[in-house]
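> Going down the list, the protein sequences come from chains V and F. Using my numbering, you'd call the opening residue of the first sequence number 26 and step up by one each time. Using my numbering, you'd call the opening residue of the second sequence number 2 and step up by one each time.
Treat the hints with care, as some may be off.
Straight line, CA to CA, 27 Å or less: simulated DSSO-like cross-link-like pairs of lysine-lysine [what the hints assert, rightly or not]:
1. V:K215 to F:K98
2. V:K215 to F:K95
3. V:K215 to F:K101
4. V:K45 to F:K98
5. V:K215 to F:K94
6. V:K45 to F:K94
7. V:K45 to F:K95
8. F:K94 to V:K184
9. F:K307 to F:K264
10. F:K98 to V:K184
11. F:K68 to F:K101
12. F:K285 to F:K267
Derived by calculation from the structure, the hints in this document are not laboratory data.
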Amino acid sequence: MSTAPILAVTGNQAVAMAMKQIDPDLVAAYPITPQTDVVQQFSEFVADGLVNTEFVTVESEHSAMSACVGSASTGARTMTATSSAGFALMWEMLYIAASMRVPIVMTTVNRALSGPINIHCDHSDTMGGRDTGWMQIYNEDAQEAYDATIMGFPIAEHKDVRLPLMNMYDGFIISGAIGPLQALDDEQVKQFIGEAPTYPGLLDSEHPITVGPFDGLHGYYFEAKMTQQQAMDNALGVIQETYDRFAALTGRQYQHLMKYKMDDADIAIVVANSAAGNTRNVVDALRAEGIKAGAIKLRTFRPFPAAEYAEALAGCKAVGVMDRADSFGALGGPLYLEILATLYQYGASPKVGNFIYGLGGREIYPHDIERAFRMLKDAADGAELPKSRVYLNAKGA
Amino acid sequence: MATKLSPKIYVERKDRLSGGHRLCAGCGASVVVRNVLMGAKDYPVVVGAATGCLEVSTSLYPYTSWKDSYIHTAFENAAATVSGAEAAFRSLKKQGKIDKDYKFVAFGGDGGTYDIGLQSLSGALERGHDFVYVCYDNGAYMNTGFQRSGSTPLGAWTTTTPTGKVQPGKLQQRKNLTQIAAAHNIPYVAQASIHNFRDLISKAEVAFETEGPAVLVVLSTCPRGWRAEPSQSVEMARMMVQSCYWPLYEVIDGDYVINFDPKDKKIDVADWMKLQGRFSHLFKPGNENVVERLQTNVDREWDRLKKLASLSAGE
Numbered sequence: 026m027s028t029a030p031i032l033a034v035t036g037n038q039a040v041a042m043a044m045k046q047i048d049p050d051l052v053a054a055y056p057i058t059p060q061t062d063v064v065q066q067f068s069e070f071v072a073d074g075l076v077n078t079e080f081v082t083v084e085s086e087h088s089a090m091s092a093c094v095g096s097a098s099t100g101a102r103t104m105t106a107t108s109s110a111g112f113a114l115m116w117e118m119l120y121i122a123a124s125m126r127v128p129i130v131m132t133t134v135n136r137a138l139s140g141p142i143n144i145h146c147d148h149s150d151t152m153g154g155r156d157t158g159w160m161q162i163y164n165e166d167a168q169e170a171y172d173a174t175i176m177g178f179p180i181a182e183h184k185d186v187r188l189p190l191m192n193m194y195d196g197f198i199i200s201g202a203i204g205p206l207q208a209l210d211d212e213q214v215k216q217f218i219g220e221a222p223t224y225p226g227l228l229d230s231e232h233p234i235t236v237g238p239f240d241g242l243h244g245y246y247f248e249a250k251m252t253q254q255q256a257m258d259n260a261l262g263v264i265q266e267t268y269d270r271f272a273a274l275t276g277r278q279y280q281h282l283m284k285y286k287m288d289d290a291d292i293a294i295v296v297a298n299s300a301a302g303n304t305r306n307v308v309d310a311l312r313a314e315g316i317k318a319g320a321i322k323l324r325t326f327r328p329f330p331a332a333e334y335a336e337a338l339a340g341c342k343a344v345g346v347m348d349r350a351d352s353f354g355a356l357g358g359p360l361y362l363e364i365l366a367t368l369y370q371y372g373a374s375p376k377v378g379n380f381i382y383g384l385g386g387r388e389i390y391p392h393d394i395e396r397a398f399r400m401l402k403d404a405a406d407g408a409e410l411p412k413s414r415v416y417l418n419a420k421g422a
Numbered sequence: 002m003a004t005k006l007s008p009k010i011y012v013e014r015k016d017r018l019s020g021g022h023r024l025c026a027g028c029g030a031s032v033v034v035r036n037v038l039m040g041a042k043d044y045p046v047v048v049g050a051a052t053g054c055l056e057v058s059t060s061l062y063p064y065t066s067w068k069d070s071y072i073h074t075a076f077e078n079a080a081a082t083v084s085g086a087e088a089a090f091r092s093l094k095k096q097g098k099i100d101k102d103y104k105f106v107a108f109g110g111d112g113g114t115y116d117i118g119l120q121s122l123s124g125a126l127e128r129g130h131d132f133v134y135v136c137y138d139n140g141a142y143m144n145t146g147f148q149r150s151g152s153t154p155l156g157a158w159t160t161t162t163p164t165g166k167v168q169p170g171k172l173q174q175r176k177n178l179t180q181i182a183a184a185h186n187i188p189y190v191a192q193a194s195i196h197n198f199r200d201l202i203s204k205a206e207v208a209f210e211t212e213g214p215a216v217l218v219v220l221s222t223c224p225r226g227w228r229a230e231p232s233q234s235v236e237m238a239r240m241m242v243q244s245c246y247w248p249l250y251e252v253i254d255g256d257y258v259i260n261f262d263p264k265d266k267k268i269d270v271a272d273w274m275k276l277q278g279r280f281s282h283l284f285k286p287g288n289e290n291v292v293e294r295l296q297t298n299v300d301r302e303w304d305r306l307k308k309l310a311s312l313s314a315g316e
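Let the sequences and hints guide you as you build the complete structure.
Next comes the structure, spelled out in structure tokens:
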């Protein structure tokens with residue numbers, strides 16, 4: 026167990042601190058609410074000479090990700106941070122970064138996408154980016170965001186992975202609110218992440234390489250995409266190994282999915298990020314009533330640990346999936362679709378409901394989560410769950 | 002300032018772009034690349050390219066024409082991509098993680114430079130990266146089939162400014178990228194042309210030796226998009242310079258220097274327009290005024306450039 030002092034920091038401060046300790050070779054970033062503080066704080070470290078990093082103050086997020094790809098293609102350790110519209114502006118380059126297999130580590134502070142323009146938290150940004158080829162790890166609080174940032178490079182740079190990785194946490198709720206943090210000391214971070222591995226790069230004039238070539242009509246695009254999926258498959262193991270190695274250092278053990286009172290659960294909710302805390306509280310309250318409730322907090326979303334979800338949920342009679350983003354025109358929200366597909370493929374058949382919550386920063390109260398659980402309880406007892414979305418705390422709903 | 006180089010450099014300096022690339026006969030892009038890279042002397046170079054003819058024709062996987070390290074990521078971001086590589090180089094060098102010196106250059110067509118890539122170029126210039134940005138400017142989006150760009154001349158036919166019953170080709174004047182680049186107060190900006198190799202190499206030398214950003218805007222040819230004879234490419238470029246449509250000049254720390262003044266040998270724009278099918282409709286009755294407007298614009302810009310040059314010379 027860590028004996029480090031407990032600091033009181035915002036989520037953004039925690040991540041900026043992790044970035045300082047990682048001391049990447051290059052950061053290229055553009056400020057956007059609610060990520061702004063990460064960039065500002067990192068600028069102060071640069072201004073005070075506390076990091077060796079070249080900080081490239083780009084004129085847009087598109088250029089941020091472009092510069093990151095250029096940088097990482099030299100072998101330089103490269104980081105960035107963004108939110109919402111900035112993430113959307115990077116879109117084209119997110120796919121390119123992943124397909125060029127550059128191990129960039131990015132913090133994405135979750136915020137709604139316009140319009141109407143809204144600066145508050147939901148997961149529309151990164152849930153929309155789930156197919157870009159980036160690894161995605163969702164974090165509940167400042168501690169998790171800090172820890173995930175430290176674990177970023179060992180995962181992304183692993184020879185069997187070599188994919189970019191994004192870490193998420195909730196805008197304002199976590200990014201701007203003060204919470205407890207046990208930080209590692211600089212030396213521990215240095216040792217944990219180690220030296221950047223060398224791979225063919227632009228700054229080796231003895232061995233010049235062409236990166237980002239044209240696929241033309243010769244047709245290796247298809248096979249290149251297959252190798253990206255292979256790397257994602259490999260990442261599942263590498264991420265867990267890294268979680269375990271981190272646990273040996275800090276005592277904080279992460280899993281792809283964090284189960285809470287799931288062993289004998291009849292009903293369960295799957296939820297990502299900051300709403301997980303209230304979900305656990307509601308589980309406790311229901312347990313006190315004798316209802317066998319449980320919760321699963323999403324952490325690793327890409328790659329998706331399907332077998333683990335199937336195993337965790339197989340014994341449930343009813344499962345609720347809480348989505349803080351929607352997939353308009355689809356059967357339901359993105360996490361719901363993923364869980365539904367998983368259960369079908371693995372032959373598990375609990376009833377599954379989709380609860381959309383928190384869009385544009387709408388409050389989610391324990392009683393909203395309790396309402397979802399009560400519906401699951403009824404379903405477990407024989408009632409039907411709605412086949413369409415249930416909106417939690419929507420006005421007039 | 003660009004100096005007149007000896008032709009000897011052609012045997013002394015290695016060619017950094019391999020033959021066998023897929024660019025068309027008469028295309029100016031490879032001429033631009035070969036000559037610009039000769040200006041880098043013996044330095045190792047990291048080359049970036051925007052999506053475009055040059056990119057698709059030189060990096061057809063699993064082949065590459067590039068003898069230096071090369072990166073392409075997308076269309077609108079060659080300057081941003083190379084700025085990341087250049088900043089990473091500075092970081093690694095400062096930390097003692099590498100010891101060799103490198104030069105950085107980004108190539109983009111006029112689409113990737115004047116239009117979709119203008120923002121990322123402007124940002125990289127303002128941030129002061131030590132790199133050379135080269136626009137090979139053939140005046141339209143040739144790679145996607147000859148659509149208009151911000152560099153397409155007034156009156157030109159393109160596939161998005163077709164000559165119709167009510168519109169005689171492109172209705173607008175081209176913008177002046179060279180002066181937009183110069184307005185960033187960067188140390189070196191120059192205009193060059195594919196017909197004058199030594200002038201181009203000399204300017205590239207200055208650009209590579211300049212600390213900080215440098216921009217070269219090079220007139221390039223596209224026989225396909227111009228509806229012209231490939232064998233006429235170099236001659237057309239020469240005539241476009243001779244008419245002062247494309248003056249050869251430099252902006253050195255804000256001072257304008259004209260490298261070539263045709264004086265009484267200045268020719269009319271119509272002389273080279275007649276060689277290019279993209280202007281053929283303008284020589285039919287009723288469109289004379291478009292040619293006149295283009296001539297007037299060219300003359301006015303040339304006069305303004307001469308004033309800037311004499312102001313810079315303290316005259």
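> Evaluate each hint against the coordinates.
Status of each hint after checking the structure:
no.	hint	result
1	V:K215 to F:K98	16 Å, holds
2	V:K215 to F:K95	19 Å, holds
3	V:K215 to F:K101	26 Å, holds
4	V:K45 to F:K98	19 Å, holds
5	V:K215 to F:K94	20 Å, holds
6	V:K45 to F:K94	19 Å, holds
7	V:K45 to F:K95	17 Å, holds
8	F:K94 to V:K184	25 Å, holds
9	F:K307 to F:K264	11 Å, holds
10	F:K98 to V:K184	21 Å, holds
11	F:K68 to F:K101	17 Å, holds
12	F:K285 to F:K267	24 Å, holds
The structure is consistent with each of the numbered hints, conforming to all of them.
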